[in-house]
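> What follows is the residue order along each chain.
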Amino acid sequence: MRKFFTLFFKHNALLLFIAYCCIALFFMKLEKKDTFSKLQTSGIEFSAGVNEKLVNLTSLLNVDKENERLMLINRDLLIKVLNYETTTVDERNLRIILDTPTFNASGFTIARVVARKFSERENMLVINAGWSNGIKKDMTVLVPEGLVGRVISVSEHYARVMPVIHTDFKVSVVSDSSNCTGILSWSGGAESIAHVEHIPISSRLKLYERMLTSDFSTFAMRGIPVGKVVRIKPDKLFYSIDLRLAVDFSSLTQVLVAPLKIEPEKMAMSNDSTLIEQNP
Amino acid sequence: MTKKISFSIIALCIVTLVQEFGFTRLALFEAFPDALAVFIAFLAVTQGQRTSTSFGFAAGILAGIFSGNLGLHTLAITTGGFLAGYFHSPEDSHATAKQKTRRFYGAVLTAEFASHTMITAVYNPLGLSPEYRIVTLGLLASLLSLTLAFIANRLILRKTFAS
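First to last, the sequence lines map onto chains H and D. Letter by letter, the first sequence follows residues 1 to 280 in the numbering used here. Letter by letter, the second sequence follows residues 1001 to 1163 in the numbering used here.
Hints are computed from structural coordinates only; laboratory data are not their basis. Backbone N, C-alpha and C fix where the C-beta goes; we use that ideal spot for every residue, glycine too. Worth double-checking, as some hints may not be accurate.
As the list claims (entries may be wrong) - Going by beta-carbon spacing under 8 angstroms, a handful of chain D positions derived as facing chain H: (1) 1071; (2) 1075; (3) 1078; (4) 1093.
Claimed, not checked - Quick list of simulated restraints, FRET-style, between CB atoms: (5) D:1086 to H:71: 55 to 61 angstroms; (6) D:1014 to H:86: 56 to 62 angstroms; (7) D:1160 to H:72: 49 to 55 angstroms; (8) H:12 to D:1003: 21 to 27 angstroms; (9) D:1014 to H:72: 36 to 42 angstroms; (10) D:1013 to H:63: 31 to 37 angstroms.
All chains should be modelled from the sequences, with the hints used to inform the complete structure.
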């Protein structure tokens, strides 16, 4: 007995350690029980609550940095949203052009209007297709709704287009019902109204007739819609005709560029009268 | 004696809170200094093995409540306290302050490495290799705790060891 107590007092630290380990193992075994799990969840609840308060305090001290960080995130998100919206709109407009049932867009080059210049007497468009895309000078630019203009200069990736609403632009037009031909021009003012000249008073042109490009044009292919007659005012020998243009130039995004209209013989015939005698 | 024990219990609670909400945020490669190991080591050097084992048990319960692994932390820190108790410097040993300080550092290393190894052997939340966790992270944690012990010795404990 004495030896036992001697041993006990000598190794009481070790015995205490063993007792504590047994209790700890007992805790580990009972950890899944309700009582202990409640104790654990309470401890976690307290710990998480204090941590949250500390985090809130820290964030309160760093409000400026946090605001700056959020502003940068906002900026990036806004750029992404704008890009997505722009892409969606472009895709929709492209679909409109390609899905128009009465218009065969194959063989035409699709381009996007990337810049436009508007002033009281001058309008110019820039499209994102150049000679690397097969674009050449004097090609016709159109949309399914109607004629847009004419390519006047070309670079590798871009081309400048003189639109119908340009003071130097002229095109030969013909009415679809009465076959009256004239020359379309635009003299400034309203974007949607152009004028047709050289239609004689004897013609049977009526209001709301559609005007199309005629075969007389040196650059535009025949049959492209141009507009609708909205006013006929008789003059001495000719009518003064106002045409409401078919194309809304303020909402142009996607355009088509038609292949070049090459008729060298016709050009030669138009320019040189001596050629007439060579054909028996 | 009762006053000493009460003071130690209050100090234990404060150290546990500081460890749980302070030092765990100072992680370096997933290892952080252990204020509890420093406290237990101090008790081991000054009070003896029974005190350090008992306080290791209590510290383990407190740490386990906060972490969610009650049994594992109790076992680990109790073991650390027990092993640190071997560095006890009896009052009649006439050990110098320097010798007590060295024992204190030894106790810190032992307590920290032992408790870290025990926890690592059972609980592996990141799926790291045992060798990496036990050797690399264990040594790193011990080093960080040793740094903390050095700072604590310089600021607070030097007078206690000297007396």
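> Run every hint past the structure and note whether it holds.
Outcome of the hint check:
1. The beta carbon of residue 1071 of chain D is positioned within 8 angstroms of a beta carbon in chain H (closest approach about 3 angstroms), and the interface hint is therefore held.
2. With its C-beta approaching chain H no nearer than about 4 angstroms, residue 1075 of chain D sits inside the 8 angstroms limit, and its interface hint holds.
3. Below 8 angstroms, beta-carbon pairs count as interface contacts, and residue 1078 of chain D has one with chain H at about 5 angstroms; its hint therefore holds.
4. Checking residue 1093 of chain D against chain H: minimum C-beta separation of about 17 angstroms lies over 8 angstroms; hint violated.
5. Distance hint for residue 1086 of chain D and residue 71 of chain H: a CB-CB separation of about 58 angstroms, consistent with the stated range 55 to 61 angstroms.
6. Distance hint check: the CB atoms of residue 1014 of chain D and residue 86 of chain H are about 60 angstroms apart, consistent with the given range 56 to 62 angstroms.
7. Range check, residue 1160 of chain D to residue 72 of chain H: about 51 angstroms between beta-carbon atoms, so the 49 to 55 angstroms window is met.
8. Under the hint 21 to 27 angstroms, the C-beta atoms of residue 12 of chain H and residue 1003 of chain D, about 23 angstroms apart, fit the expected range.
9. Taken as a hint, the range 36 to 42 angstroms holds for the pair residue 1014 of chain D and residue 72 of chain H, whose Cβ atoms sit roughly 40 angstroms apart.
10. Restraint check, residue 1013 of chain D to residue 63 of chain H: a C-beta distance of roughly 33 angstroms satisfies the suggested window 31 to 37 angstroms.
Going down the numbered hints, you'll see the structure goes against just number 4.
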